[in-house]
Amino acid sequence: MSPALVLDDLTIAYGERAPVVRGLSLEIAPGEAYGLVGESGSGKSTVALAVARYLPRVARIVSGSLRVAGSDPYALDDRALRELRTSAIAMVYQEPGRALNPTMRVGRQLGEVFELKGIDGEQRRAQVLQTLARVGFDAPETVAARYPHELSGGQQQRVVIAMALAVRPALLVLDEPTTGLDAQVQAGVLELIERLRDELGAGVLLISHNLPLIAAHCDRVGILAAGELVEEGDARTVVERPSHPYTRALVAAVPRIDAPPPARDAPPVEGAPVVHVRGLTKRYGAHAAVRDVDLEIGRGEVFGLVGESGSGKTTLGRAIAGLTAHDGDVRLIGRPQMVFQSPDASLNPRRTVRKTLARAIRKLGGDQTPAQLAEQVGLGPELLDRLPGELSGGQKQRVAIARAFAGPIGLVVCDEATSALDVSVQAKILDLLRELQSSRGVSYLFVSHDLAVVRRLADRVGVMYRGELVEVGDAEQIFTAPQHPYTQAILAAAITPEPSSHEALT
Amino acid sequence: MSAEGLAQRARLPYDADLALAPETVAAGGADAARPVVAGRGVAKRLLRRPTFVIGVAVVLFWALAALLWQRLGFDPYAPAGAPLQAPSSEHLLGTDNLGRDMLARVLAGARPTLQVAPLATLLATAAGTALGLVAGYFRGVVDDLLMRSFDVLYAFPGIIAVLLVSSAFGHSLLTLVIAIAIFFTPIVARTVRSAVLVETDKQYVEAARLQGERASWIVFREILPNVLPTVVVEGTIRLAYAIFVSAGLSFLGLGAQPPSPDWGLVVSQNRIFIQNAWWCAAFPALAIATLVVSVNLIADNLREVTHR
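Protein sequence lines correspond, in order, to chains P and D. In this text, residue positions in the first sequence follow UniProt numbering: the first is 1, and each later residue adds one. In this text, residue positions in the second sequence follow UniProt numbering: the first is 1, and each later residue adds one.
Hints are supplied without guarantee of correctness; some may be wrong.
The calculated lysine to any residue pairs, modelled on SDA-like cross-linking and capped at a C-alpha distance of 20 Å, are [what the hints assert, rightly or not]: (1) P/Lys363 / D/Gly212; (2) P/Lys355 / D/Gly212; (3) P/Lys363 / P/Leu295; (4) D/Lys202 / P/Ala325.
Going by beta-carbon spacing under 8 Å, a handful of chain P positions derived as facing chain D [claimed, not checked]: (5) Val269; (6) Asn348; (7) Arg350; (8) Lys363; (9) Leu364.
It should be emphasised that the hints constitute simulated quantities derived from the structure, not laboratory data. Predicted model, so just to flag it, every value in this text is computed and none were measured. For each residue, glycine too, the CB sits at the ideal point set by N, CA and C.
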């Protein structure tokens with residue numbers, strides 16, 4: 001039986017620019033799960049596209065070759081290529097909501113895959129329901145009658161996986177399949193993928209920026225940096241004894257939920273709290289996004305707010321910052337500032353860094369120059385006259401942080417401030433946030449779905465569940481001895497199921 | 001291949017200590033989704049598009065004709081030869097029923113058209129942008145009031161509304177300008193409003209609010225620059241329609257009055273001769289078509305270059 005995928009010295013370039021994938025060689029056996037890890041710009045998604053010959057027109061294969069289940073997709077004519085795509089390769093992408101046709105019921109959409117295989121009528125319907133049951137739906141009939149928007153993100157991804165399954169592929173390509181899903185949902189989806197691999201005997205190419213996740217679910221791991229495979233090996237070995245400096249740094253940058261955070265230089269100050277919230281409720285019609293929350297944040301304290309998507313944590317953060325109308329009482333000392341998730345949307349694209357910072361300094365009553373402020377967040381003076389579109393994600397987030405610290409402030413609400421960043425950039429931004437917090441003595445309300453990130457920063461942690469603050473406590477207590485069943489559940493789902501002990505890493 | 005072998009083989013373009021997050025490197029290559037920034041490179045990209053260049057050339061030609069026909073010695077009013085002569089070397093586009101040179105009339109006819117349509121478009125774009133910004137940013141009651149009154153304006157068939165205004169206030173170019181401007185304002189306002197709604201949801205607007213910026217600053221200094229591409233494209237599309245509508249109204253006798261060489265009016269007056277002297281109506285009609293198509297070409301290219 002031929003390998004599920006063979007890449008031999010593959011080099012891909014866009015137009016005449018420098019190649020984005022350089023001399024990549026790897027082989028995936030049937031039934032093997034191979035994890036390809038890389039940060040943004042490493043070329044990992046280009047590999048995913050190349051496998052099914054979905055590369056954009058400007059891309060070209062400079063050298064090397066590629067074989068899926070023994071045939072080269074680039075040597076096939078249209079009909080044979082279509083045959084290969086419908087029978088040998090299945091792809092699952094990051095955003096399941098966009099992979100599904102919003103105007104078509106789930107059952108019919110899934111049925112199309114069988115239709116292509118020439119299965120009709122009652123038999124097709126039976127197969128559809130059977131496939132839905134296999135990906136973990138208890139009531140396949142109900143799901144089949146739904147439209148994609150009536151399903152949650154995790155359910156949508158299960159449907160996409162069901163469609164991939166229906167192909168009975170030799171190679172299953174998953175490009176960031178769980179990014180954007182809650183930890184519990186993510187764990188479920190990955191277990192499902194693993195189970196199906198065992199059943200189908202397909203080769204799996206799992207592509208992600210998330211090293212611990214890949215290590216936990218793959219047999220072998222390849223580390224892709226700037227288009228080159230810098231390290232490859234058994235998943236456990238790569239994580240525990242990384243040999244390439246890049247991999248070592250990558251492993252070190254992953255925030256760990258099971259390690260206590262570094263000691264604080266400037267512990268919180270006793271005295272009147274900076275934030276005092278009583279009975280905060282935010283309603284949207286009959287639905288309460290946040291219900292009767294009481295909360296205090298001390299001066300110089302970092303308060304981590306965790307919860308899954310839809311739990312109301314972002315709404316609570318925005319209400320405290322004064323961005324949305326609400327019921328209840330919020331008292332703040334000093335003016336709140338906010339650092340947002342998306343670095344692309346949080347800066348005015350038509351204004352240079354210098355102008356953005358100068359305006360913030362003026363409005364917030366700061367006494368620094370834009371250059372001084374930029375230096376504090378680690379931005380060189382040469383970046384001051386650039387527009388946000390000319391900066392990287394990490395640089396943009398630094399500008400957004402500088403803007404929040406432009407004047408004397410009491411509280412900074414960080415709403416998923418590092419979630420959109422690569423793990424290594426995230427580590428640096430977290431260090432920056434900690435450093436600024438110590439030197440300026442401000443308080444943070446740090447909202448995040450990522451428990452490991454919260455652990456790295458927070459003094460105290462609050463857990464949101466369905467609009468209510470179900471547990472509040474010292475970070476140490478929450479992470480080591482959670483009281484509320486929901487807290488216990490999210491911790492269980494998030495603790496990285498690594499191949500073995502963690503000693504080697506810490 | 002062993003891990004060590006791979007490590008040795010990989011010649012990464014950066015130092016091992018800096019192995020992580022070459023943020024500056026990423027800025028160059030990885031950020032493919034870079035927003036198109038007006039002013040920088042947009043003009044260059046436009047000039048590489050043949051349809052844009054053709055559109056601009058035709059519009060420029062008519063603009064020059066409108067400005068310069070007198071200096072070039074064209075007389076659209078005096079008889080220049082026998083009536084209804086076919087195009088010849090003496091009269092390139094022939095003559096009309098009064099023996100006036102059609103070339104002179106077509107060139108001179110650019111002037112009234114290029115007075116009415118751009119002015120009306122400018123007024124409508126300015127008013128529509130202001131109203132769209134206000135409705136989109138403030139939402140709530142203001143938005144409802146504005147949008148519902150626009151619905152009322154929409155309820156009249158556009159051309160009837162314009163007819164009403166121009167017949168109520170007399171037949172002059174100025175009335176025509178105002179009538180078309182009123183008719184187009186709600187259309188521009190809607191388009192701008194929807195662009196404003198998209199921008200208002202972005203966090204830079206919220207950051208400005210947290211910074212204590214006033215509403216007027218946020219609307220005109222934060223949001224307006226970001227919806228400007230939409231405004232420009234919408235204005236250009238409206239300009240094409242305005243040329244169309246003003247020619248139509250002149251055709252109906254509500255705009256320019258004889259002996260004006262206005263294209264719409266000339267087509268209207270000469271349409272009775274069309275069977276034996278097609279050139280009298282065809283050339284001014286062709287003039288309208290070239291101008292409208294060219295402006296639309298410009299609009300399409302602007303949209304493609306600024307919204308991707």
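inquiry  = Of all the hints numbered above, which does this structure not satisfy? Sort the numbers upward.
reply    = Violated hints (numbers, rising): 3, 5; every other hint is consistent with the structure.
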